[in-house]
Each structure stands twice: as structure tokens, then as C-alpha cells.
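> Same order as they appear, the protein sequences are chains F and D.
Everything in the first sequence is counted per our numbering, starting at 1 for the first residue and increasing by one.
Everything in the second sequence is counted per our numbering, starting at 352 for the first residue and increasing by one.
Derived from the structure by calculation, the hints contain no laboratory data.
Take the hints with a grain of salt, since some may be wrong.
As the list claims (entries may be wrong) - Here are some chain F residues pointing at chain D (derived, C-beta under 10 Å):
#, residue
1, L63
2, K71
3, S80
4, N84
5, A100
6, T324
7, L328
8, L331
Said to hold, decoys possible - Not everything, but these chain F residues come out facing chain D in the computed CB check (under 8 Å):
#, residue
9, R59
10, D79
11, H81
12, G82
13, S99
14, Q335
Predicted model only: the values in this text are computed from it and were never measured.
We put the CB at the ideal spot given by N, CA and C, even for glycine.
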Amino acid sequence: MSFMSKPTVRHPKLPVNDIGLTVRDYEGGMSTLCAGCGHDSVTGALVQAAFELSIPTHRFAKLSGIGCSSKTPAYFLRDSHGFNSTHGRMPSVATGANSANRDLYYIGVSGDGDSLSIGMGQFVHVIRRNVNMLYLIENNGVYGLTKGQFSAAADKGSKAKKGETNLQPPIDPCQTAITLGATFVARGFSGDKDQLVPLLKAGMKHRGFGLIDIISPCVTFNDHEGSTKSYAYTREHFNLAIAADFVPPAEEIKAEYEEGAAMPVELHDGSTIVLRKIDWDFDPTDRISALRNLQENAEAGEVTTGLLYIDESQPEMHEVDNTTKTPLVDLEFSQVCPGNDTLQKIQSRYR
Amino acid sequence: MSKPSVNEFTIKVANANGTGSASANGMLMKSLFRMGVPVMGKNYFPSNIQGLPTWYEIRASEKGHLARSGRIDLMVAMNAETYKHDLADVAPGGYLLYDSTWPRHSMLTRDDITIIGVPLSKMCNENFPNARIRVLMKNVAYVGVIAALLDVDLEVIKQLLSEAFAKKADLLEANQLAINMGYDYTKAHLDTPLPFSARTSDKTSDHIIIDGNTSAGLGCVYAGATVGAWYPITPSTSIMDGFKHFCELTRKDPETGENSFSIIQAEDELAAMGMILGASWAGARAFTPTSGPGISLMSEFLGYGYFTEIPAVIFNVQRCGPSTGMPTRTQQSDIMSCAFASHGDTRHVLLFPADPEECFYAARDAFDLADRLQTPVIVLSDLDIGMNDWMCTDLHWDDNYQPDRGKLLRAEDLEKIEEFHRYLDVDGDAITLRTVPGDHPKGAYFTRGSGHNMYGAYTEDAGEYLQVVDRLRRKWDTAKSYVPGPAMNCSENNNTGIISIGSCDHAVREAIDALGEEGLGINYMRIKAFPFNGQVQEFIDVHDKIYVVEQNRDAQLKSLLCLELNVHDEQLTEVLHYNGLPVTASFVVDAIHRDLAKGVAA
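Okay, chain F solo, but in the shape it has when bound (with noise of 0.2 Å):
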């Protein structure tokens, strides 16, 4: 959405990753977002994550719908492909490219109308199918382009800019991602990059579907007095569950954890995250429990954070499907023409 290109300008001593690139090789065009909206942090820390993980800039492909959030994959990752698709509807897209080619990492950025309204029926389905992408919601409670009305996960009683409250029940999508099934689900803050940035890292790692809802402030319509969804409040009431550091493969275990608090789960490519306990109450592998301390927390007011639940066992769409280890677009045309012999056979049984 930028006017305006980014300056290329580097700094000579900017570290570079395992292939050799910089940070700034992950970044995109210049945001037209307001000054200090969350979802910019949000981009900031897609960015981290993705220099941090060396993935090669054009193997991502990512994709968003309608809103704020949604006009944030032009401001990361320029080499990589985007799609920026109608409203509500990026899950279908990206279940489609998906299908396509298996072998690239999907990132799908939503916002909380664009997921939890208008795309609510796609949402659950991409969830169902467990696609094998990473999926954010910029979560700020509020439509931001459409100037302040409130969006589906706006709190029972939180107050509009304007003043007027919200009597409708909020939809959480962590606790609807847990109930359909969903392999990956976290909580992060867009004001804390220290705990998205490993988030981000594992999501991306993740094999099958990842859902992040990342509570993301809208500085221009949702972080006044009387929001559930602003700055001050999130802060206030940020209650970190389960931390998560991510440890890339072949690479030591170095931190040192609590007796019990520590539980290493290995991803599908060698990785591994360490879940540490804050909350000891609640068994991120556990869904039943991650559901209940979701509820229970929910009900109390606090913003449970950090990654809520992970079941790295269940099979990914194209596993479901047993599609070919090769993406489909890589075959070659002969592979998937049977030829005129084979439809002479078949239509023996048409006579």
C-alpha cells in the first residue's frame, strides 16, 4: 500500500543469517498504517522470525484479506510472492495454494472482522482441514478502515471510542481454533516482541495448521478508557501461560529450566520448542485443560498469552489426502495425462 519505496540503504555490519542475508532482505515496503498501530510491531517481528529462521525470502507466500491487518504482507518479505484477497476470504486461497504446492510456508494475515465475521465460515473450515500455513489474527476488537465499529471479538462492556458499549459476547479464537481441532493455537501481544518472536518461529515450523491471535491495538479507535482491547489494558491484564522458546534443529538445549517446568516438543523438521510452565495449572498438550484455563481466565479478565495448546501428531491436509511428496505444480504434464490408449480402455465401458 506504500507511496513511498523504502530506502535499500545498509548498514555494512547488519549480521546476516545462515544463507547470508540481512534483515533488511526480509522486509517489504513502507507502511501506510498509523503511527504506533500494533500491527506494525506485528510486521516488525514476522520479520525477525523469518531472518532468524534463514528460510530463502521467495519460499514464503503470503496472504491476507480485507482490513488494516490484512494490507500488512506488502510491508514484509518483498521477495516473496503475496495475495492479497477479498474479504474474509484468505483461508480458501491459501487452502488452494496450499494444495498446490505443499512445499512452501504459508503466512496468512487476517484481522478480527476480517476472520471472526465476514470469514468466519472459512476460518473454521482451514482449521478443520489443517492446512499446513501459519495464520494471524491482529486482533484490536474494532473495524478500523470503516472508522470504530466493533468487531466480533469486542468484550461484553468494552467501550467504542464514541462511548457506546459492546452487549454482544465476544468469539475467542484460540478457544474456537482448540474446539475444531486446530494442531497449533497461541496468544501473543503486539507489544512483546520477546515472546512473538519465538511464537512466530514455531508457528511457521509448525507442520499442519498455526493459529496466533496476537492482540494488537488500534492506537486510532480502541485504545481509549473503557477498552478491553488497548495498550494499558492488555498490559494490565497480560497473563502469560505457557513461554515458548524455539530451538532451531541440530542446536543445543542451553537454557536452564525449572525441575518440571520444561517440556521440549519436537517439531516435524527437527526443531524443537520448550514450553515453560508459568501457570502450572495448565497442560498446553492437553486440549480439554488449555480449554478450561482458557474459560476459566476469560471469565476472570485476563489475557491468557503464549502458546496454548500444540499436537504436533495429527496429520496435515496433504498427509489426510496422501497427495504426492512432490507439489503438484512441479509435475510434469506426462505425469498427469493418461494418454489416448488408456482412453480408448476407458471408454470400452461407454458402449
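Chain F is fixed; fit chain D onto it per the hints.
Quick look at chain D alone, frame taken from chain F:
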């Protein structure tokens, strides 16, 4: 049309849905086909699983007239609920066969037809042990009766039975018994054969009997489609059934069982369309089958695909609208909604196959056009083509065929060029270069349904916007040179013409034959694609009087011709059939007679 004779007759079977009559009727039709007699089979079924009335119409025509004839020579009235209606449908001089196990109401009779009673239920009750098999075998038994009445070769029927029940000996025995029961009773108690009957001929070699959905699904396999996404909707569902069946037959690795295809049953048509755009964007050939209500939902993404220039293939097997309409009845009423589906200045390439044979090749053409033109292509079939059994010339595949992927650059192509811009017209045909994700950093671009300039960047600049949308309009002109031209059958002596489309074809050709016998020569052009190319304008230019025959209420094809071409007022006369049943030749002939009479009166 003309009176029934040897190998020229129409049978209609009235039954209740869910009684298993479809296989019996199919067998009857196929036995005529195997005797070498050209046949048509049309199923008029309800949107229901069990109980509502259903009909099957079989026409035999040595002359190869395979539209509905518009007359019923032999009615097989197996459904008491529709008996009165079925009785009235028989052509004067025709026959009605009924189950004489139960008496008919004395009021329900006609003096001008012959009524034949055979105690089908009684025979079945005496010979078969349980209720379900009795119901099923009653259908087979009437096939035996018809075989006797029409001299259908019993050996052919027995061969079909042994193929169908090769692995079910008990069912084979029951079916054979039922055939014999009907046949023997008829031979013993009735005068056979009827004045019209079947005789072995040689008109069906190098032909198959297939429905258009199956052949379209097969065509997608041959065209190299690897991704199919869909939401089930009558009457399009069997396209994906066919695609899946043929994929499993030909695209499954014998050792690993891995599939070289991906089929996704979407949550709705919005998602199905999004999925195929995503798959196409990622470089696969992807398609979705649907019907009118699905097109309404897909309109959002159709506009997106048009504006962002993503190939996609959509099969719209049209049914009766508007709204839910009549899901199991046929129409050609989505021409307009498909041509301009979605908001804004949007227009789509359409293909109009006329029969299952053309559906097979239209699948290939649609993928080539979509890739070449980088835009969604909609194939407009209809329920009549898609779900009915049609006799078609054998399908052939040219093993030298290579898909036309258009201006698609892969990694090796990108290595060779300096820079890539997605929407820059580099060679003047208004079609731009395209890349797929994952290949090369140089190929990256941002696809957006919002305003974009020729370099793919976001814009709200008036001039930049115009550059893109004006190029899209020029691309539309380029499309005219790629889409198939119309099918023509013309003589210089005629100055009256018919323009028609899709499944009207057989009825129109038979009507032209009939009018020709009366001395009225008519030229014929069948539209095979939108946009219309120069030949369509030429045909209009050289005819004073043109009838436009189509199956919808609002003359959509005629309207589209008037919108897009130079047409004089009153040059085109509409002939519209839209009651949900396939059009008949006699309907076309009658409409033209009426119109000509009007001219004389004036």
C-alpha cells in the same frame, strides 16, 4: 414430428423416484444402442430421494435425430400418481403399457390410443421372495415386455445383464427371470411387434454413450488439472465424481498409493472459487464445477480473478432459475450472469459445449484459454448435457498435445530476463507475464484486488488505474482470436438463419431438416464461445431474418448479441423454451411457422 416407424420411435417410462427404475431404463436404451440404433436417453427426475414422480424418455432414431421428439409413441405408465397426465401425453395412435395387477379407473381411458395391460406386480409377487426385489424386478419385467413389443434383441439384453451382474450371480438370475417373464407373457398374450419396432442396424459403431459431466471430469484429467475444489450442487456434482474416479484410475501411484491430484470439498462455493484461484495462482491447473446458485456466490472471486488476472476453470452446469428454481430441470439461463459476473466492469470468457463430446474437449480448451488469457473461463453446460445419456462420437486424445500455459515464467525463464513486472504489457497483446510463488525472488509480485498499476503496486491514481483497466479491455479483444469460432452450416441460397447455443443443437438441426423438407432453407450458426468473434458478426450481417433459439425466458443470448455486436432492430427473432425440459425440434418448427404466419397476415 413424423410418425413412428422401424427405428424411429419414442418410449417414455413413468415411475416413482427410488424404485430402481434408472438401471432398467438405462439397460433398455443401451440394448437399442448395441443393436446399432442411434438413441437418446433423458431422465426427468425430481429433487427428492424417494417417492416423487420420475420419467425416462428414450428416443430411437435411425436418422440420428437425438433431441426430444416432442411425441410419445409408447408410454410405460408405472406410476399411479401421474397416470392421468401420462395417459394424456401419448400421441394419437400410440400405446400405453400399464400394470394390470390392479384395475384402472374407468374414466382414465382414451379411444385414440391402444392400452396394453400386463400384470407385472402379480408376476413379480409370484416369482420373487421379498418386497424390495419385487419392486426392482417389476422394472426389469417391463423391459422384457418392451423387448417383445418392439422386437428388441433378447440376446443383447442378456449380454448387458451378464456384464452388469458379472459378480452377482443371484441378481443376474433374478434379472434374467424378470426379463423372460415380461417377454414370454407379452409374446403369449399380445400381438407383437407393434407397428413401430427396433431392427438391427449399423449406426452406432465408433460411438459411446456418456453424460456430459462424466466426460467433462475426464476432460479435466486429460487437460492436466491437478486441483479440483467444489461444493456439491445439483446438477454439477457428477463432474467431480467423474474427475475423482478417473484420477483414482490413472493418477494413483501403484506402489505408494500417493495421489497426483488434490480434491477439496469446500465449505461453500465462495471457498471453492477461492481455492481454485489460490491453486492457479500457485501454478496448478485448477477447476470447480457448480451451477447457477454457485455462480452467484462465486461472483465475488470471479471479479477478483478477472481483475488480478488469475486463470481458473469453472463448469456451470445450468439448471432452472431464478433462485433455487428447479434444481433437476434444465435451462440456459445463466448466460448473462456468467458473462458479467461480479461488480464493476467485469467480463468473462465463456464456452458453450453442445453435448458430452464437446464437454470433454471444452475442458482442454478452457484450461488452455484460461492460461493463455490469464482469466477465469466458464464452461456453460446444462443439466440436459451434464446428466443425460448422449450418444457421442468416440473421444480421441492427441498424444502430442502440450498444454498452453501462456506467458507463465518458471525459475529458468526468470534467470534469463532482466526484470519482471506482473502487469506490464511487453509485447502488445495486452497479456502480461506471470510467475508462481516459490520459484525465484525475481518473480515475486503482489496480487491485489485493489487498484494496482502496471508494475503491480497499489494505486489510487486515475491514470495508472486506466492503464490497467484499458489493457484488460484490449485483452478482451485479443481473446476473440483465441476462443473457438461458431459452428456453421450455411448455404448461399438461404437468407433466413438460426443462431443457437449449447444443448439446443440437436433440436435445431432436426428442425432445420424438417423445415427444409417443407422447402424452407435455413442457415445455422451455433455459438461456441463468448466473446463473439468476427464470424458471428458476418453471419448476422448476411441474413435478413434470424431466429435466436435458446432455453431461457429473457432471450439472454439474443440480448448479449445485441449488446456486443451491430444488430439492426428486428433482425433477430427470439425462440424461447424455458419450462425446464429440454427443447424439442417440433417446438422450434412450430415457433418458426407461427412467426412466418404472422408475417403473411401482416
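> Find the hints from earlier in the document that the structure breaks and name them by number, from lowest to highest.
Nothing - there is no hint that the structure violates, so all of them hold.
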